[in-house]
Amino acid sequence: MLINGAQAVLESLKKEGVDVVFGYPGGAVLTLYDELYKMNFRHILTRHEQGAVHAADGYARATGKVGVVFATSGPGATNLVTGIATAAIDSVPLVCITGQVGNPYIGKDSFQEADVCGITTPITKHNYLVKDAKTLPRVIKEAFFIARTGRPGPVVIDVAKDVFDTKIEYEYPVKVRLKGYNGDYTGNAKEIDAAVEAIEQAKRPLVFVGGGVVGSDMANEIRAICERLAAPVTCTLLGLGSVSAGTKGFLGFAGMHGSYAANMAIMNADLLLCIGMRFSDRVTGKVSEFAPKAKIVHFEIDPAEVNKNVEVDLRVLGDLRWSLPILRKKLFARAKNFAAEFAPWLEEVTKMQAEHPFGYSEEGDVIKPAALIKKVSELCDDDTIAVTDVGQHQMWAAQFFDVKQPRHFLTSGGQGTMGYGLPAAMGAKVGCPKKRVVLFTGDGSIMMNCQEFATIADNDLDVKVVVVHNSILGMVGQWQRLFYSHHYSQSELKGKTDFVKLAEAMGVKGYRLTKKEELNTELPRILAEEGAALIDVIVPEEEDVLPMVPGGKRLDQMVLGGN
Amino acid sequence: MEKYLLAVLVDNKPGVLTHVSGLISRRAFNIESISAGYTEEPEVTRINIVVSVESENELEQVINQLSKLIDVIKIVNLSKAESIARELVMIKIRATKENRADIIDIVNVFRAKIVDVTKENVVIELTGQQHKIDALVEVLSEYKIIEIARTGAIALSRGPVPVKNM
Numbered sequence: 124m125l126i127n128g129a130q131a132v133l134e135s136l137k138k139e140g141v142d143v144v145f146g147y148p149g150g151a152v153l154t155l156y157d158e159l160y161k162m163n164f165r166h167i168l169t170r171h172e173q174g175a176v177h178a179a180d181g182y183a184r185a186t187g188k189v190g191v192v193f194a195t196s197g198p199g200a201t202n203l204v205t206g207i208a209t210a211a212i213d214s215v216p217l218v219c220i221t222g223q224v225g226n227p228y229i230g231k232d233s234f235q236e237a238d239v240c241g242i243t244t245p246i247t248k249h250n251y252l253v254k255d256a257k258t259l260p261r262v263i264k265e266a267f268f269i270a271r272t273g274r275p276g277p278v279v280i281d282v283a284k285d286v287f288d289t290k291i292e293y294e295y296p297v298k299v300r301l302k303g304y305n306g307d308y309t310g311n312a313k314e315i316d317a318a319v320e321a322i323e324q325a326k327r328p329l330v331f332v333g334g335g336v337v338g339s340d341m342a343n344e345i346r347a348i349c350e351r352l353a354a355p356v357t358c359t360l361l362g363l364g365s366v367s368a369g370t371k372g373f374l375g376f377a378g379m380h381g382s383y384a385a386n387m388a389i390m391n392a393d394l395l396l397c398i399g400m401r402f403s404d405r406v407t408g409k410v411s412e413f414a415p416k417a418k419i420v421h422f423e424i425d426p427a428e429v430n431k432n433v434e435v436d437l438r439v440l441g442d443l444r445w446s447l448p449i450l451r452k453k454l455f456a457r458a459k460n461f462a463a464e465f466a467p468w469l470e471e472v473t474k475m476q477a478e479h480p481f482g483y484s485e486e487g488d489v490i491k492p493a494a495l496i497k498k499v500s501e502l503c504d505d506d507t508i509a510v511t512d513v514g515q516h517q518m519w520a521a522q523f524f525d526v527k528q529p530r531h532f533l534t535s536g537g538q539g540t541m542g543y544g545l546p547a548a549m550g551a552k553v554g555c556p557k558k559r560v561v562l563f564t565g566d567g568s569i570m571m572n573c574q575e576f577a578t579i580a581d582n583d584l585d586v587k588v589v590v591v592h593n594s595i596l597g598m599v600g601q602w603q604r605l606f607y608s609h610h611y612s613q614s615e616l617k618g619k620t621d622f623v624k625l626a627e628a629m630g631v632k633g634y635r636l637t638k639k640e641e642l643n644t645e646l647p648r649i650l651a652e653e654g655a656a657l658i659d660v661i662v663p664e665e666e667d668v669l670p671m672v673p674g675g676k677r678l679d680q681m682v683l684g685g686n
Numbered sequence: 016m017e018k019y020l021l022a023v024l025v026d027n028k029p030g031v032l033t034h035v036s037g038l039i040s041r042r043a044f045n046i047e048s049i050s051a052g053y054t055e056e057p058e059v060t061r062i063n064i065v066v067s068v069e070s071e072n073e074l075e076q077v078i079n080q081l082s083k084l085i086d087v088i089k090i091v092n093l094s095k096a097e098s099i100a101r102e103l104v105m106i107k108i109r110a111t112k113e114n115r116a117d118i119i120d121i122v123n124v125f126r127a128k129i130v131d132v133t134k135e136n137v138v139i140e141l142t143g144q145q146h147k148i149d150a151l152v153e154v155l156s157e158y159k160i161i162e163i164a165r166t167g168a169i170a171l172s173r174g175p176v177p178v179k180n181m
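From first to last, the protein sequence lines stand for chains A and B.
Each number in the numbering used here comes from the position in the first sequence (counting from 1) with 123 added on.
Each number in the numbering used here comes from the position in the second sequence (counting from 1) with 15 added on.
Warning: the hint list may mix true and false statements.
Now the in silico label distances, taken between C-beta atoms and shown as ranges [to be verified]: (1) B/174 x A/300: 53 to 61 Å; (2) B/54 x A/300: 45 to 53 Å; (3) B/142 x A/302: 27 to 35 Å; (4) B/121 x A/309: 53 to 61 Å; (5) B/149 x A/605: 21 to 29 Å; (6) A/299 x B/70: 50 to 58 Å.
Bear in mind the hints are in silico, worked out from the structure with no lab data behind them.
All C-beta atoms in this analysis are idealised placements derived from N, C-alpha and C, irrespective of residue type, glycine included.
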């Protein structure tokens, strides 16, 4: 089949099962967009390339499929950088196809030229510059394979403009042949035996679930394992949903703003089963005194994560899709009554959980952010996808929104990218049109990428946007309050912006809630309405996210709060 | 700080050196030297890296992080295997009628070679282990060194087995 490079790209996407692309056209991708037009390929036109890449990220996290992005050369591609970095650190599979200036113009500082491979090398799993059209089918095949296998991640394919116009004899490869990468992460089962042995020896084990469990769709295995062990379980921010909120023994997430019980359990456990996580500084607190009494077992696909931040005692290297089913079978094959063995420990931590739940003070007529999120959580069904931006509201959402399923809590964990939320929620809705999508954002975050309200309106995407509006960059303000003598340096947002009008100007309904009782009188009705809406909820400015482990402190040195 | 010599086999494709050097810089690894060249297989490039690390753990990190790069085919720590390492240096040195004979004496003692001579200077070439090269540079530092170019170490394992089969 003799077709041009642009057709080859789209044919290859079809073969990879791609049903939608998020993107923004421009000079270097005109031929690609012309073929897209002729083929009637589904494409969501965002209002900023950053919106496109976060949307593809939200789509990928919600569906488990690879998110696909198109952008043009130069600024089009550089606008993807934040989104690619966000996806990379959270192991989200993306394929970003960017136009590059034509072959004769590369390296000449041509119009809209940027070294996209150079720029994206540190933030991609892999990248390609395609200068020869004949290599295009192979490169796309490899890119999808690399993005979705192993530890997933973003792949950039930078395509010289003239490659899109070049006719090639098209044949899509059936197999990928990469000398240094085969995508097979089967490990050594003896390592699992050692882990089982360690569990047999333990008296105070804690299961610690990371984003890898969500990314590999292994939540059911984890739930079965936790049920068999009847041991307490905690998670990282990205692990939320692996274990359903409300499950007995589930302590909520751990780390800087994690639950008292989870952090204390880490400090007092004699065995930590860390599954698909990377020991981020937000989770470990003072790293040299993380889990001081515990033998640490690390189930991990990426060998470079083992011993990177925390030295572990045992490792089970390999895909969780390989290791967890084996672990489950081996645990069920044991005669030991784990539940009886671990019962005193479980009781100890659930008592701590009951004594120090996530809390907040109800005083005053104002709407407390935590109360708002709790209310939204109550009004949502178990199949609701909660998306967050970054800051205080993100932590409150993690604390107070009951996430029941994996892939139902989407948040920028590793990068902490403000402006992630709105486009990611949009991408999640595109991927899961039948599910309710609720975004929690702040008056800081929403302004980064608020242009995407236009995309949401034009595509009739029913996303409910809850703006936790405290007139300050809340997390910055909290740190300034605690560590910088209340100097609110450039963090106050007491401006004239009217978020209701902002949404309405772009075709999205807007509402404002200011009084406590409106959580009961107005909120249920607004959430039940058809179509996108922004709900501007006015909350007090000086509200801290607690508990909090101050930077450099041990996990048991939390500042507590609440009632 | 311990030094280790890593033989890294990579795909001979554009962008590979960017991937390798980019990774080294973003992970803040200490690299003493890095050199790359063709191999017996046209599609494979061999990169020789001398890395300086605080601990075995850090070395494991360097190797694991490099292994993650898609275009890295294989990494062997040649400091662990029986191996021969060599480096090439070229030294341009000011040499006058008065001191040329002294310099030639030194060159002979080190079994180095003079590969270029003018009225004002000589260029000395030496291949050897790093400490030998360091010693020559040290001795010559008494004279006016104009410039030095060093390749960094390359290495092969002893015996018949190539790195790709190790």
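These are the hints, each one checked on the structure:
1. B/174 x A/300: 53 to 61 Å: With a Cβ separation near 30 Å, residue 174 of chain B and residue 300 of chain A fall outside 53 to 61 Å, so the hint is violated.
2. B/54 x A/300: 45 to 53 Å: violated, 19 Å
3. B/142 x A/302: 27 to 35 Å: holds, 31 Å
4. B/121 x A/309: 53 to 61 Å: Given range 53 to 61 Å: holds, Cβ gap about 58 Å.
5. B/149 x A/605: 21 to 29 Å: Once the Cβ atoms are compared, 53 Å apart, the range 21 to 29 Å for residue 605 of chain A and residue 149 of chain B is violated.
6. A/299 x B/70: 50 to 58 Å: violated, 36 Å
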